[in-house]
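Chemist: Here are the chains, one letter per residue:
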Amino acid sequence: SQQGEEDPQALSIQEGENATMNCSYKTSINNLQWYRQNSGRGLVHLILIRSNEREKHSGRLRVTLDTSKKSSSLLITASRAADTASYFCATAPSTSGTYKYIFGTGTRLKVLA
Amino acid sequence: SAVISQKPSRDICQRGTSLTIQCQVDSQVTMMFWYRQQPGQSLTLIATANQGSEATYESGFVIDKFPISRPNLTFSTLTVSNMSPEDSSIYLCSVGTSGSRYNEQFFGPGTRLTVL
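Chains B and D, in that order, give the protein sequences. Be aware that the first sequence starts at 1, since it is given in our numbering, and climbs by one per residue. Be aware that the second sequence starts at 1, since it is given in our numbering, and climbs by one per residue.
Be aware that one or more of the hints could be misleading.
Said to hold, decoys possible - In silico DMTMM-like links for lysine to aspartate or glutamate, alpha-carbon gap of 20 Å or less:
(1) D/K65 <-> D/D87
(2) B/K26 <-> B/E5
(3) B/K110 <-> B/D7
(4) B/K56 <-> D/D11
(5) B/K26 <-> D/E58
(6) B/K70 <-> B/E53
What the hints assert, rightly or not - Quick list of simulated restraints, FRET-style, between CB atoms:
(7) B/T20 <-> D/Q14: 23 to 33 Å
(8) D/Q28 <-> B/L75: 30 to 40 Å
(9) B/N38 <-> D/T17: 23 to 33 Å
Stated by the list, open to error - Among chain D residues calculated to face chain B with C-beta under 7 Å, some are:
(10) S42
(11) L43
(12) E104
(13) Q105
(14) F106
(15) F107
(16) G108
(17) P109
(18) G110
Please keep in mind that the hints were generated in silico from the structure rather than gathered at the bench. Where is the CB? At the ideal position from N, CA and C, for every residue including glycine.
Make the full structure from the sequences, and use the hints.
Modeler: Listed below in structure tokens is the structure:
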């Protein structure tokens, strides 16, 4: 079964608003990554957060990680129409060795112009 | 990050045939992986492509159906054998860069396969 469950499954917002997506996972992890996928194409790596980190920023992206709750969130601020995509979290379970990632179910974000 | 290319980008195939997908990386990488993404679904790991040895398959995937080669540190192929419509998916290769401390994984553009 999948390690990550993402919430919400779909999100529709107006341009300029913030979008928050959540990822919950089941087992302890080495790190967690967020990816973006446009229209069924390849995945674009957004950000990696290690298990001993609580928050990371990259441009308009902010990722938090709460290992006690086994959850992570991705915040996109001041959203743009170009942010319309599916967003996936991927976790590397600490029992599975390095590099082996398990993907969540994904959130489909639609930003309306 | 590594630059990853895949060939073909898409294909439409007949039931019972086989398709080989190529993945080329612009630099030597430690790890290469193959994933499947069925329509509207998330990604599922098929196997880890090991350089110079047999691939390591995940539960539910077998070598006879998905033979994988990795002759060197920059190239791998995945073959989808004896295809059926259920194999219609996007197939993606990914790499773990040898210079990364934190095991970031980067993906190719994917191969969209439709089986009729």
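Chemist: State for each hint whether it applies.
Modeler: Hints and how they fare:
no., hint, in the structure
1, D/K65 <-> D/D87, "10 Å, holds"
2, B/K26 <-> B/E5, "9 Å, holds"
3, B/K110 <-> B/D7, "14 Å, holds"
4, B/K56 <-> D/D11, "39 Å, violated"
5, B/K26 <-> D/E58, "19 Å, holds"
6, B/K70 <-> B/E53, "13 Å, holds"
7, B/T20 <-> D/Q14: 23 to 33 Å, "45 Å, violated"
8, D/Q28 <-> B/L75: 30 to 40 Å, "36 Å, holds"
9, B/N38 <-> D/T17: 23 to 33 Å, "29 Å, holds"
10, S42, "5 Å, holds"
11, L43, "4 Å, holds"
12, E104, "5 Å, holds"
13, Q105, "6 Å, holds"
14, F106, "5 Å, holds"
15, F107, "4 Å, holds"
16, G108, "6 Å, holds"
17, P109, "4 Å, holds"
18, G110, "5 Å, holds"
Checked against the numbered hints above, the structure violates hints 4, 7; every other hint is satisfied.
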